[in-house]
Structures are given as structure tokens and as C-alpha cells.
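Model the full assembly from the supplied sequences, consistent with the hints where possible.
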Amino acid sequence: MNFKFTDEQVKFRQEVRDFLEGEIKQGLWQPTCDAWIMAHDPEFTRRVSAKGWIGLTWPKEYGGQGRSFIDRLILTEEMLRYGAPAACHWFADRQIGGAIVHYGTDEQKEEILPIIMKGEAYVGLGMSEPDAGSDLASLKTRATEDGDDFIIDGQKTWTSGGSNMNWIYLVARTDPEAPKARGISEFFFRTDLPGVSVSPIVDITGGVHFNEVFFDNVRIPKTCLIGEKNRGFYQILNQLDFERSGMERLMANYPLFEALIQYVKETKRNGKPLAEDPVVRSKIAQLKIELEVGRLYMYRVGVIMDEGRAPNWESSMSKAYGTAFEQRLATAAIEIAGLYGQLSPASRLTPMRGMAYHSYLSSKGYSLQAGSSEVLKNIIAGRKLELSAK
Amino acid sequence: MDLVLTEEQEMLKKMASDFLTDKFPKTVVKEIEETESGYSPEIWKEMAELGWMGLVFPEEYGGVDMSFLDLAMLLEEMGRACLPGPYFSTVMLGGLPILDAGSDKQKQEYLPGIASGKTIFTLALTEASARYDAAGVEAKATADMDGYILNGTKLFVPDAHIADYMLCVARTSDEAKPEDGITIFIVDAKSPGISCSLLKTIANDKLCEVVFDQVKVPKENILGEPDKGWAEVKKIVERAAAAKCCDMVGCLQEALDMTVAYAKERKQYDQPIGGFQVIQHYCVDMFTDVEGARLSAYQAAWMISEGLPCTQEVAIAKAWASFASPRVMALAHQIHGAIGCTIDHDLQYYTRRASADGVTFGDANFYREVVAREMGL
Ligand SMILES: Cc1cc2nc3c(=O)[nH]c(=O)nc-3n(C[C@H](O)[C@H](O)[C@H](O)COP(=O)(O)OP(=O)(O)OC[C@H]3O[C@@H](n4cnc5c(N)ncnc54)[C@H](O)[C@@H]3O)c2cc1C
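Order-wise, the sequence lines are chains A and B.
For reference, each letter of the first sequence is one residue, going 1 to 390 in our numbering.
For reference, each letter of the second sequence is one residue, going 1001 to 1377 in our numbering.
Check before you lean on any hint, since a few could be wrong.
[Said to hold, decoys possible] Here are the simulated lysine-lysine pairs, DSSO-like style, with alpha carbons at most 30 angstroms apart:
1) K1177(B) with K268(A)
2) K1177(B) with K265(A)
3) K109(A) with K140(A)
4) K4(A) with K1234(B)
5) K1190(B) with K1216(B)
6) K1177(B) with K272(A)
7) K1014(B) with K4(A)
8) K390(A) with K1264(B)
[Stated by the list, open to error] Residues of chain A placed beyond 10 angstroms of chain B at every Cβ, according to the derived structure:
9) R17
10) D18
11) F19
12) P42
13) K51
14) Y103
15) I115
16) D135
17) V208
18) T223
19) L237
20) N238
21) N270
22) A332
23) S367
Since the hints were derived computationally from the structure, they do not count as laboratory data.
Beta carbons are placed, not taken as given, at the ideal position from N, Cα and C, and that holds for glycine.
What follows is the structure in C-alpha cells.
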């Protein structure tokens, strides 16, 4: 057993920090909550790409860095700590590249991986539909074979970053006769095609983050199929473990935590800093304890992946735990701010740069996206504890 | 980073688990709980023969020179088995402090006796104020011609009634800061002026009230430096807290395993109750809490083992274990239904032990405050 990072890892973390602090010092961006999924900054993504930090864990033969998952956790942890605007490349880096390394043809690897590594693939994840949420396998969007092509018809929804995307990763039904989960395939293609239209949905914070995406007779070549036809659902299960296991499931609103600590140090109530109030101290210490234990769950997943094993219940556990923590953080920040907590980021008097307000609202979605906490608990109960009705 | 146990640790755990399962069925735990001494001298001897008392002592003191992390693995199994008796007091609260702060002479004098199972030790630290900070130490030791005279009352002292020696923490001079002027004494428990009475506790572990009335202690029985004992006490508390976490991991893991097994076996409405999603999610919530306890306890134990400063990590682990264990045990009981509320059911041993562990060497509030301070609040 060993809980220490290697010297190289410590150095790498410092390198990432130096880079991000340098960016902030130059005034290139400000730390925000949810920046990993909401802050699209092509220039930032280009600079990250230049560092070689997209595709960090992919094999060297495909242009990746062949580094460990722990290294990637370190990189992403620091991105989240500084609230860096990484939304342009996050999805592609996190799960699409890996899926292509795993399931893609040589041609796909040659074509797509360099685009992702250059930070030019702004990917939307086209999974959920109006009638297919947790029960993803019941999706209806069709991909019908037509000569060398597939024709896509249907609708996706809740597509994060959809207004900004130039590529989509799509799951669609390729065999309507087969049992639900056995007739689904995965596709990856550019969205600047005739018949693709995107319609933004205003979210609870008033921002535009997710979208509806419509496919009307969209023709894509068969070379866009990822992996095996009709095996898509099983491929997704594996990808979801990656989607779930990241630090963004614990630290999406980390900048709020730092702002909260600063807030209680600087804000006086009844002539005394909030930080001296035992209730406030206790609340913040509790958050710190939960955050640090959350990091242990997260790094454990990295350790498992570096051993070449697939995390399954472990990533479900870290995600369900982590998102609940993020919600408790937002709630605590709102509570501690009291009357001020209701002030929107647009208000002159808003505390914590409006992050408590924003996070209190936006964190409601954390425990739904990428597998609701209930579904994750079903997975843990089934896969690990082997509890079932029979 | 690597979270795998070494082959040696796996072996130690397996051996401990086999031995403890064999020797301590709950019928035996119950019997021992009901005795006044609170332990079985025969099995105690066998444990010593296995090398457990001297696990982390160097060979020259009769030990087997293993690490604190190895000891943590053993403690986890002891929690899992609900082991009664003075192991924790003797090794964690007596042996380790002497190994850590004792003079060569003291080590030679006391450690072999501990390693061989001959000597039982404990620590007399807490008092009526029930605090683990320096201000809680009010017992006084006044310098006499060739030693000190101890006066005061210690409370919640484990196993004092059977101890051969106690480490007694007392104030030797009044200073502005409560941390200053504290000295640790190695006290012969049979010294005139010591009286000891058992407290009735939730875990039926043997906690005592110990009164020191004009107790003479020779000068050479000071552990470490006079007046500067608090630094060592802090270390003792930190280490003991991490060790308690490991005990709690064992306790809670066993409660979880029992509960999951029961959920698979108990049928209502023509199906195992583990088929009900609510029950499944309860089990997952328990499991998540136990995993958090395990990861944080192992981290703390590993850091102590490596000699790294770990005030925050220990605080996190003990706070977590202390606030998670009531949740875990509440769900364990809920899932067990009425049968779990009976005195003849094994679950209640864990409910009681986890509850005692939770407050011993600092509860969640105590460690939240430690974390707040470590954060600079
Ligand atoms: C902020 C945000 C971003 C998102 N981004 C994307 C994206 O980029 N791409 C994409 O494809 N999707 C995205 N989603 C959609 C997300 O994947 C779905 O919200 C999720 O799969 C749940 O589906 P649903 O919202 O339809 O809820 P439902 O599935 O209808 O669930 C409603 C409630 O019922 C519970 N429930 C459902 N089934 C079970 C069960 N078997 N057992 C117990 N409880 C159950 C759920 O846990 C939940 O509490 C996003 C969602 C959010 C909130």
C-alpha cells in the first residue's frame, strides 16, 4: 500500500498548476464552477493541446502520451481546482478518444485521434432522448443502412455543449427487431451535415448548456460506425465507466469551496468573522473531510484503471458519492451566505462571485447526468453486493 | 499510489481472522464481557505466542519488527471479531509510547514483558472533563525528594483494573499554555494510593475510574521529558485514533457483510428482501460509508507507518468513522428487522462496540475542529 504520488507526479501537478496560474495571472480567464462542461474557450483548449495534455493516457503509437490514469486525474483535478475553461475538449479527451483507441478501426484512429488531440473536436454526447433517460436502451433514434451509408432519423436531448459542437457521438438503433439492448450502435461524425439541427434549452441557472438535437434524414458514411454494429450498448457500458470516474464528479464546483473559505474568513457577523462561529467551522470542516474522502474514492478508480482493470462499481460509487458531495457544498454555501445567498451573479452584492447561487442551481443536474445516483446504486447493489430479487 | 496489501499483510489478516474466528465465537465474547477482568488469560497467552503483542517492536525487545500498517491490519481483524481484552491498551497505549519516547533502559525494562504477554499496560489520560486536549489534564504530580507525588482522578481508563502499569498524564507545573507543564509517568498499577472502579459502559469494555491519592512515582519513571510530555500525548492520541479507525473498519465491514447476507436470505412477500430496491440502496449507502472509512483509515495508518506528519489525515479518518458508523449501524438494524434488536443476535456486539469506538480518542466534532484548524480557519 502506498498513498504517495511519485516524484514525477508531484512535479507534473506543479507543472499543471504553474501553467494554470500563469493563465489566470495573464487575465485569460477567471475560475468558475462547471467550467469543465460550460466554459468553451477554443484558445485555452489549443494551449492545453500544445502542452500534450489532450490524450494523455492514449498509447504513444497513436500520438498519445501513454501516461497513467493517475496522471490524468492529477491533470483534471488541477483543471477543476482552478475552474479552467476546458469544455471544448473535455468530452473528446475523456471518453471519445478512449472509445476510438479501443473500438475504432485503424483508419478512424488515424483520422480522428489527431483532431481530438489538436483540441478541434468539440463533441456532443448524443445518448438521451425524451423517452430514453435512465433506460437508455429504449432509445428510438434510428440509423438505417442504405448502401455505403447510414441514414439517421430521430431526436436527442440534454446534449451538453450542443450549441457549440462540431462532432457528435451518437447512439442509435440499428436493429429494431432485436431485443432493446442488442440493436444499438455507436457513431461518431461531424455535425455540419444537412438535416442536423440544434435547439438550445435554457437551464435552471438561466444559461444555455444543454440542447435538443434533431436528425432529419441525415446521411453519414458507414465509416462513422464505431466498433461493432448492434454491440453499441455494451461498448457504452464500458465508456460510461470512464465518463463516471472523473474528478469532475467531485470537484465540478470546487472554486466555490475556495470562495466559501475566503468568504467566511472575510465576512463578519455580529462583529466576528464567520470563521469563528463554531457552526460554520464545523460545516466547513465537514465539507473538507468529505472532499478528501471523495478524492480517495476517485484516486482508487485511477489505481484500478492503471492496473488494467475496468472499474465498475468503484466508479459508480465515486460518482454517486461525489455528486452528492458537490450538492452538499452548494447547499452549505447558500446556507452560510444567508440572505445574501439568494443574490444572483448579476447582483452587485452577490457573495462568492455568484458561485453559491449558480452552483446551488446547477448542481441539481450532477446526480442525474452520466447515470442517476439511483441507477448507480442499482449497479453497485447488483454487480458488487449481488443483491437481486431472486 | 497503490492500494494493494502485501502478501505478508494478506497472510497476517488471514491468520488473524482464522485465529479470532476460532477463539472468539460470540458465545465466548459474551462470556468474557460478563467477567470482571474482561479478557481470557489463556487466549491472551496464545496471542502473545503468535507475536501479536510485540508485532511492531524490534526483535531485541522480543518483537517481530513489523510496521504500524501491519498492526493496522491486525486491528481491523480484531474489530471484525469484536475481540475483548486489553490488547489495544497494552500495545497501542503502553507499548508504542514507550517504544517511541522511552529511554533504552525503559524499553528494556517494559517492552519484552509486553511482547511476551506478561505485562498489561494502559493509559490514564482523560478526566472528568472528558477531553482529549491538554486543558483536560488536571491531575497533579508534585516533585518530592526522589520523585513525584501523583494526585487526581482519571476517567474512562481502559483495563486499568487488570493493568500492571499505567502511563499517567499529569501536570507538573502550571504554565500559561495548557500544553506546557505536562509529564507522562510510568506508574506501577499496584502502587499504594491507587484505587480503581469499573464503569458500566455500552460496549461492556472495561473502562475504569482511577483515583490517584498521594501516589509515589520515582523520577526515573518519567517517560520522555518532564513538563514536555504533551507532544508525546498528542502522538499517542493521534496514533490511537488511527488505530480505532481500523478497529471500526473491521466492525463496520462485519456489520455490512452480515446485513447483505441477511438481505439475501430473509424472504418477505415471496422474495428476498434484498430484491427490494430500498434495501439494496440502504446496503449501498452502508457500503459507501464503510469504503470511505477503510480508505481514510488505511491512508492514516500508512502515513503513521511512514513517519509522515498526518494530523489532518487522522482527523479526517476518525471524524469519518465516527459520523459514518451510527449511520451504518442504523441501516444494519433497519434491514435486520426485529431479530437484530435481540440480545442473542450478533449484530448488537457491533452496534455497541462501534458506538464506543466512535467517541474514544476523539469524536467527529473534536476532529472537525482539528480539520478546521488545519485549514487555517
Ligand atoms: C446537466 C445535465 C447534462 C446532461 N448532459 C447530457 C449529455 O450531454 N448527453 C446526454 O445524452 N444526456 C445528457 N443528460 C441526460 C442524462 O443522461 C439523463 O438526465 C439521465 O440519463 C437520466 O434520465 P432522465 O433525466 O430522463 O430521468 P429518468 O430516467 O426519467 O429518471 C427520473 C428519476 O427516476 C429515477 N429512476 C429511473 N430509473 C430508475 C431505476 N431503474 N431505479 C430507480 N430509480 C430510477 C432516476 O434515478 C431519477 O431520479 C444530461 C443531464 C443533465 C441534468
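Hint check results:
For the proposed pair K1177(B) and K268(A), the alpha carbon gap of about 28 angstroms is at most 30 angstroms, so the pair holds. Proximity of K1177(B) to K265(A) is assessed by CA-CA distance (about 25 angstroms); at most 30 angstroms being required, the pair is judged to hold. As the CA atoms of K109(A) and K140(A) are separated by approximately 28 angstroms, the hinted pair is consistent with the 30 angstroms bound. Under the criterion of a C-alpha separation no larger than 30 angstroms, the hint pairing K4(A) with K1234(B) is consistent with the structure, at around 24 angstroms.
Only pairs whose Cα atoms come within 30 angstroms are accepted, and K1190(B) paired with K1216(B) is accepted, the gap being roughly 11 angstroms. Restraint check for K1177(B) and K272(A): satisfied, since their Cα atoms lie roughly 24 angstroms apart, inside the 30 angstroms limit. With a C-alpha separation of about 26 angstroms, the suggested pairing of K1014(B) with K4(A) holds against the 30 angstroms cut-off. Restraint check for K390(A) and K1264(B): satisfied, since their Cα atoms lie roughly 9 angstroms apart, inside the 30 angstroms limit.
Against the 10 angstroms criterion, R17(A) stays outside the reach of chain B, whose nearest CB is about 19 angstroms from its own CB. Listed as a non-interface residue, D18(A) keeps its Cβ farther than 10 angstroms from every Cβ of chain B; the least gap is roughly 22 angstroms. Non-interface status of F19(A) relative to chain B is upheld: no Cβ of that chain comes within 10 angstroms, the nearest being about 23 angstroms off. Against the 10 angstroms criterion, P42(A) stays outside the reach of chain B, whose nearest CB is about 34 angstroms from its own CB.
With 10 angstroms as the threshold on Cβ separation, the claim that K51(A) sits away from chain B holds: the shortest Cβ distance comes to roughly 23 angstroms. Every beta carbon of chain B lies more than 10 angstroms from that of Y103(A), the smallest distance being close to 28 angstroms; the non-interface claim holds. Consistency note on I115(A): stated as away from chain B, and its beta-carbon is indeed over 10 angstroms from all of that chain's, at 32 angstroms minimum. Every CB of chain B is more than 10 angstroms from the CB of D135(A) (nearest about 15 angstroms), matching its label as outside the interface.
The Cβ of V208(A) sits about 34 angstroms from the closest Cβ of chain B, beyond the 10 angstroms cut-off, so the non-interface label holds. Against the 10 angstroms criterion, T223(A) stays outside the reach of chain B, whose nearest CB is about 40 angstroms from its own CB. Separation of L237(A) from chain B is adequate, the least Cβ-Cβ distance of about 18 angstroms exceeding the 10 angstroms criterion. With 10 angstroms as the threshold on Cβ separation, the claim that N238(A) sits away from chain B holds: the shortest Cβ distance comes to roughly 21 angstroms.
Against chain B, the non-interface label of N270(A) holds: every CB pair exceeds 10 angstroms, the least being about 17 angstroms. With a cut of 10 angstroms on Cβ distances, A332(A) stays outside the contact zone with chain B, its closest approach being about 13 angstroms. Look at S367(A): its CB is around 13 angstroms from the nearest CB on chain B, clear of 10 angstroms, so calling it non-interface holds up.
Consistency note: the structure conflicts with none of the earlier hints.
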